[in-house]
Amino acid sequence: MDKIFFNKMVFYGYHGVYEEENRLGQRFHVDLEMKLDLSIAAKQDDLHQTVDYGRVYEVVKQEVEETRVQLIETLAENIAAKLLANFRIMEILVRVTKPDPPIPGYYESVGVEIVRRRK
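For the sequence shown, the UniProt record's numbering gives the first residue as 1, with consecutive numbering after it.
No lab work stands behind these hints, which were simulated from the structure alone.
What you are looking at is a predicted structure, and each value in this text was computed from that prediction instead of being measured.
Don't take every hint at face value.
With a cut-off of at most 25 angstroms between alpha-carbon atoms, the simulated DSS-like pairs for lysine-lysine come out as follows [as the list claims (entries may be wrong)]:
id	residue 1	residue 2
1	Lys61	Lys8
2	Lys82	Lys61
3	Lys43	Lys8
Label pairs and their computed distance ranges (CB to CB) [to be verified]:
id	residue 1	residue 2	range
4	Tyr106	His48	46 to 54 angstroms
5	Lys8	Glu66	15 to 23 angstroms
6	Lys82	Tyr106	19 to 27 angstroms
7	Gln49	Leu71	29 to 37 angstroms
The beta-carbon is built from N, C-alpha and C at its ideal position, and this holds for glycine as well.
All chains should be built: construct the whole structure from the sequences, respecting the hints.
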């Protein structure tokens with residue numbers, strides 16, 4: 001299966017369990033791997049046979065910046081569901097990373113990664 005991928009899209013959103021996360025917000029990184037057959041699009045050089053990257057970006061941006069959830073698990077699930085419902089994707093990997101969560105300690109980031117398939 002072929003893949004289209006996005007690496008480290010950066011958005012500012014208000015997701016989290018803690019009050020300061022919902023009040024101050026924070027950066028979120030989103031990575032995607034979308035599996036689908038790209039052979040027809042490649043042979044025909046036709047955007048309608050693939051996924052419009054700009055539209056995918058806008059769906060993810062809207063989900064991160066205009067909704068509010070407590071868990072990044074929920075955020076990843078919502079992104080996957082919307083993309084599977086609106087594009088010809090057969091399988092999607094969504095990775096949501098919080099580079100600066102309010103957790104004491106030394107680490108680069110925390111995040112979740114989910115894989116969902118078209119039913």
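Problem set entry | Restraint check for Lys43 with Lys8, where alpha carbons must lie at most 25 angstroms apart | 29 angstroms, violated
For this session: Hint says 46 to 54 angstroms; check whether the CB-CB distance for Tyr106 and His48 agrees.
Result: 48 angstroms, holds
Problem set entry | Pair hint Lys82 and Lys61, alpha-carbon separation not exceeding 25 angstroms | 12 angstroms, holds
Exercise. Between Lys82 and Tyr106, does the beta-carbon spacing fit 19 to 27 angstroms?
Worked result: Roughly 35 angstroms apart at Cβ, these two residues miss the hinted range, so it is violated.
Exercise. Using the C-beta atoms of Gln49 and Leu71, is the stated range 29 to 37 angstroms upheld?
Worked result: With Cβ atoms ~35 angstroms apart, the hint holds.
For this session: Compare the distance between the alpha carbons of Lys61 and Lys8 with 25 angstroms, and conclude whether the hinted pair is satisfied.
Result: 12 angstroms, holds
Problem set entry | C-beta pair Lys8, Glu66: status relative to the range 15 to 23 angstroms that was hinted | 20 angstroms, holds
When held up to the earlier numbered hints, the structure conflicts with 3 and 6 and fits the remainder.
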